[in-house]
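2 protein chains.
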Amino acid sequence: MARAGSVGARVRGPETEGEPVPQRLLSVATKLFAEQGFETTSVQQIVDAAGVTKGAMYHYFGSKDDLLYEIYARVLRVQTARMESAADSSEPVEKRLHAVAADVVATTAANLDDTVIFFRSMHLLHPDKKAEVRAERRRYHERVRRLIEEGQQSGVFRSDKSADLVVDFFFGAVHHLGTWFRQDGELTGEQVGENFADLLLASLRP
Amino acid sequence: MARAGSVGARVRGPETEGEPVPQRLLSVATKLFAEQGFETTSVQQIVDAAGVTKGAMYHYFGSKDDLLYEIYARVLRVQTARMESAADSSEPVEKRLHAVAADVVATTAANLDDTVIFFRSMHLLHPDKKAEVRAERRRYHERVRRLIEEGQQSGVFRSDKSADLVVDFFFGAVHHLGTWFRQDGELTGEQVGENFADLLLASLRP
Numbered sequence: 001m002a003r004a005g006s007v008g009a010r011v012r013g014p015e016t017e018g019e020p021v022p023q024r025l026l027s028v029a030t031k032l033f034a035e036q037g038f039e040t041t042s043v044q045q046i047v048d049a050a051g052v053t054k055g056a057m058y059h060y061f062g063s064k065d066d067l068l069y070e071i072y073a074r075v076l077r078v079q080t081a082r083m084e085s086a087a088d089s090s091e092p093v094e095k096r097l098h099a100v101a102a103d104v105v106a107t108t109a110a111n112l113d114d115t116v117i118f119f120r121s122m123h124l125l126h127p128d129k130k131a132e133v134r135a136e137r138r139r140y141h142e143r144v145r146r147l148i149e150e151g152q153q154s155g156v157f158r159s160d161k162s163a164d165l166v167v168d169f170f171f172g173a174v175h176h177l178g179t180w181f182r183q184d185g186e187l188t189g190e191q192v193g194e195n196f197a198d199l200l201l202a203s204l205r206p
Numbered sequence: 001m002a003r004a005g006s007v008g009a010r011v012r013g014p015e016t017e018g019e020p021v022p023q024r025l026l027s028v029a030t031k032l033f034a035e036q037g038f039e040t041t042s043v044q045q046i047v048d049a050a051g052v053t054k055g056a057m058y059h060y061f062g063s064k065d066d067l068l069y070e071i072y073a074r075v076l077r078v079q080t081a082r083m084e085s086a087a088d089s090s091e092p093v094e095k096r097l098h099a100v101a102a103d104v105v106a107t108t109a110a111n112l113d114d115t116v117i118f119f120r121s122m123h124l125l126h127p128d129k130k131a132e133v134r135a136e137r138r139r140y141h142e143r144v145r146r147l148i149e150e151g152q153q154s155g156v157f158r159s160d161k162s163a164d165l166v167v168d169f170f171f172g173a174v175h176h177l178g179t180w181f182r183q184d185g186e187l188t189g190e191q192v193g194e195n196f197a198d199l200l201l202a203s204l205r206p
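Same order as they appear, the protein sequences are chains A and B. First residue of the first sequence? That's 1 in the UniProt record's numbering, and the numbers climb one at a time after it. First residue of the second sequence? That's 1 in the UniProt record's numbering, and the numbers climb one at a time after it.
There could be a bad hint or two in this list.
Each pair may be met inside one copy or between any two copies, as identical chains are not told apart.
[Unchecked claim] Below are the EDC-like pairs computed for lysine to aspartate or glutamate, each with C-alpha atoms no more than 16 Å apart in a straight line: (1) Lys161 / Glu149; (2) Lys95 / Asp198; (3) Lys95 / Glu150; (4) Lys95 / Glu149; (5) Lys161 / Glu186; (6) Lys161 / Glu190; (7) Lys161 / Glu194.
In short, the hints are calculated from the structure, not lab data. Since the model is a prediction, treat every value here as computed from it, not as a measurement.
Given these sequences and hints, build the entire structure.
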C-alpha cells in the first residue's frame, strides 16, 4: 500500500502474509515473473504459490496478462497521484519540476521489481492492455511536458530543446534504473532522485 | 557491416540476401526474436528462415544464447571502436564528450532492434555470457566515466556529481531509445544524438 507522504513510497510490502487475495496474487506473480520470466510462469503456479484457487484468481484478474498489467499500473497510479500533487503546488516551476523528477526516481527505485518485470515483458501483453498502460504513462509524461513548457514560456528553462525530447531524455534514465540501482548500494533511491533532478534542472538552464 | 566514418553506422543491412552465413543467421534471429520473443523462437525456426542446416549454425554459434549475445555484442564492438576514437582525439574534453554522447545515441538508433531485443531478453542468457557482455559494456562506460572525471579535474565540468552517476543517468536515456524512437519520426538518430549530447553537456556545466 502507498504510504502517503513518504518519499520513496513502496506500493507493496515485501511479505504476502495476511494480505488480501488480489495483493497476494500480485506479490507472488511479481516474484515468479522475476525468477522465471512471464512467459514460462503458468497461472497454476501463481495460484499455488498464493494458496488460492483458480476461481478466486479469475474473480479478480481475467488472465495472466491482467496481473502483469496491474503490477505496473498500481505503481503508475501512485506515481501519478504524487506527481500531480507536486506539479500543481504553488511553488515556482523549477521547484515543482525538481520535486516531480526526484519523486519519480525515488518511487521507481522503491518498486524496482515491478518496473523491471513490466518493461521486460510488456511486449507480450495483449495489444489492448498495452495500449491502455501506454496511454496512462503518456498522460503522466504529458503533465511533465507541460511543466517544462511552462518554465520555457516564463524564461526559467532554455527554449531551444523541445519539451518532448527532454521528457524522453529524463524518463529514459528513470526507466533504466532497474539495470544498475541496488537497494543496498551506495546511494538511496531518494539520493539518486535528488541527483538526477539536479542534473535535469541544470540541463534546462537557459 | 559497419560503414566506417558514417555517423549512424548500421552494423547490418536490412536485407539478408547474399550475406555470409553467420550474418544471415544473426539477421533472421534478430527478426524472429523481435517478432515472437527469444524464449519462443526455436533453433529449428532460425535455421529454416536462414536456409541453412543446424550443423552449419552450430559451426558458428554454440547455442541460441550465442546468437542473442552476438546480436548485441557486434553493435557494442562498433560503438566501442567509435567511442575510443572520439575519446582519444586531441579535441578539448567537452568536445570529445559531446562527440561520444552524440555518437552512441546515433549508433543505438541505427541498430535499435538489436538493442531492444537484447535488453528485453538478456536476463535469459547463460550467466557466463551475461557476465561477459556486462563486462564489455562496463569497459565502455568506464572510458566515458574517465572522460567526465578528466573534465571535472580540469574544472570544465561540475564536480559535485559523481561521474558514475552521470554515466548511469545518460546511458539510461540511451538504452531507453527503443521505447519511443522511430526511424520515420520527426528527428533522425543523429539529431536526437546532438540534442541529448547538448543536454548532457549543459547538465555538467560548473
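Taking the hints in turn, this is what the structure says about them:
1. Lys161 / Glu149: Classified as within: same-chain Cα gap 10 Å, cross-chain 26 Å, threshold 16 Å.
2. Lys95 / Asp198: within (10 Å within a copy, 22 Å between copies)
3. Lys95 / Glu150: Within one copy only: 12 Å inside, 31 Å across.
4. Lys95 / Glu149: So lysine 95 and glutamate 149 pass the 16 Å test inside one copy only (14 Å; across, 28 Å).
5. Lys161 / Glu186: Classified as between: cross-chain Cα gap 14 Å, same-chain 33 Å, threshold 16 Å.
6. Lys161 / Glu190: Between copies only: 15 Å across chains, 27 Å inside a chain, cut-off 16 Å.
7. Lys161 / Glu194: between (22 Å within a copy, 11 Å between copies)
In summary, the structure agrees with every hint in the numbered list given earlier.
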